[in-house]
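Protein chains in written order, with this note's numbering: chain B, 1 to 259; chain X, 1001 to 1197.
Hints in this document: simulated from the structure, not taken from any laboratory. Predicted model, so just to flag it, every value in this text is computed and none were measured. Mixed in with the good hints there might be a few duds.
As the list claims (entries may be wrong) - Lysine-lysine pairs mimicking DSS-like chemistry, simulated, CA-CA at most 30 Å apart: (1) B:214 / B:234; (2) B:104 / X:1102; (3) X:1179 / B:104.
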Amino acid sequence: MAAPCEMIRDLAFWKNGPEPGKIYNFSGSSTTSCANARQRTMQPTTTGTSVLGIKFNGGVMLAADMLGSYGSLARFRGISRVMKVNDCTVLAASGDYADFQYIKSTIEQKIIDDECLDDGFNHNPKSIFSWLTRVLYYRRSKFDPLWNVCVVGGLNEGEPFLGYVDKIGIAYEASIVATGFGQYVALPMLREIVEKKPNLTQDEAREALIKCLKILFYRDARSFNKFEIVVVTKDGALVEEPQSAETNWEVAHSVVGFN
Amino acid sequence: MAVEFDGGVVVGADSRTTTGSYIANRVTDKLTKVADYIYCCRSGSAADTQAVSDIVSYHLDFLQSETQEPPLVRTAAHLFKGMCYQYRDQLSAGIICAGWDKKDGGQVYSIPIGGMCVQQPFAIGGSGSTYIYGYVDSVFKTGMTQEECMKFVTNSLALAMMRDGSSGGVIRLAIITQKGVERKVIVGSDIPRFYEG
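Go ahead and model the full structure; you've got the sequences and the hints to work with.
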C-alpha cells in the first residue's frame, strides 16, 4: 500500500509543479517559505572586495581598493569604498556597492541631524557600529539583507576602536580586521606583525596595510591596484589620496614551462 | 554610451530592440529626453526603462516648475538611482544619465543594474558594451573636443554593433551643450567599418 503522497504523485496531474503537502520553490534566488511574496534574498550586482583595518598607537587605519566589480568584470575602477563619518569615525564596506551608497547616505543624514541638533552629542564609532549591527541584523531577519561586510573604525572617547559587521549581523571588535579575501591573505600577515610588536606606530601600520594590499592584488582576482587609506587620530579623520602598491614580478623570470 | 567634454556631453546608442532573437524594432530611439538638457541612454528591459524614465521626466518637469530653473544633471541621476535602487529586485534597467547644466557643465552618470550611481568621464552600457571595454580604454583620453567625442562614440558603437547580436541598426547621437540638443542619425554606409573577417 503506497503512502498517500506517493499515491497523489502517481496521479501526476502536472510535471515539475507544486506537490501537495510540499513547499514549492519558485525560480529565482529566493528560497523562503513564507507566504509574503516580497521576501527575497537578493544577489549583489556591483561589488567591492576586501577591506582591511588595523589599530595603532594613537588611532586606527582602514584600507580598501577602488574597484567595483560587475561579476568578473572590473567595471568601475575609481570608486571610493571608504567614508568619513565624522572627525572621530570612519567606515569602509565590501559587498554590494549600491547598498553601501544607501548606508552612506543614511549615515550622512544622521550626521547632518547631529549638527542641526547641536546638543554637544555626536555619533562616535561605537554608536555607528551598534546602529549598523542592528540594521544589518534586522534586514537579514527580513530575508532582505544589505549585502555588505562593513568595517567601522575610529577613536571612541580617545580610545582606538575597530569593529566588523557582517550582512547577517555578525559583529565583533578586534585590533585587526579584514573582509573577504583579506581574511585569508591579510589577517595572518597582520597577526604576525601585531604579535611581534603590539603597539605599532602610524607609519608601521600603513606599511603593514600596503604590504597586505599588495599581496591581495597578487592573489585576489577581483582586486585592483589602486586603493584608499583612511586614518583616524586625535587630529581628526582623513581619507588619503588614492595610491598604488609597488609590485614585484621578478619571480616570473625563473619560471619556464610547467614541469 | 555617453562622453563628457568641455561644454557638454555626447550621448549615443544603437537602435535595436529584441524579443529573444527577433528584432522587434530596428529603428528604436534609446536616447530619451528627461529634461531639456538631460538625456538618458536606456539598456535592459525596454518596458522597465521606459517606465522609469517617464517617471523621472515627470519629477524633473515638476521640479522645473517649482524652481523656475532647469534641473541639474546630478538631480536627474539621483532620481534614477532612487528608483532603480528601491525597486532593484523587480527592475532590469541599466541607465546612463547625461546632460549639461549651468552649475557643473557636462556630466555623465552611470546607474547600472542594482541601483548604484557614479559619475564618470565617460560611460558604456548595454549588452554590446562588453565587446568594447578594451577599445574604449585604449582610445579614450581626457580633454577631447566635441568632434573627437563624436568620433569616439561613433567608432565604439559601430564596433559593438558588429559583434553583438543584440545590437545593430543605426547609430543615434545627441550632442547636449548650452546651445541645446543636436540630434544626429548615422545610417548604412556612413557607419564606420573595421576588420570584418
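Evaluated hints:
1. B:214 / B:234: It holds: about 28 Å lies between the C-alpha atoms, which stays within 30 Å.
2. B:104 / X:1102: Judged against 30 Å, a Cα distance of about 27 Å means the pair holds.
3. X:1179 / B:104: Outside the cut-off at roughly 36 Å; violated.
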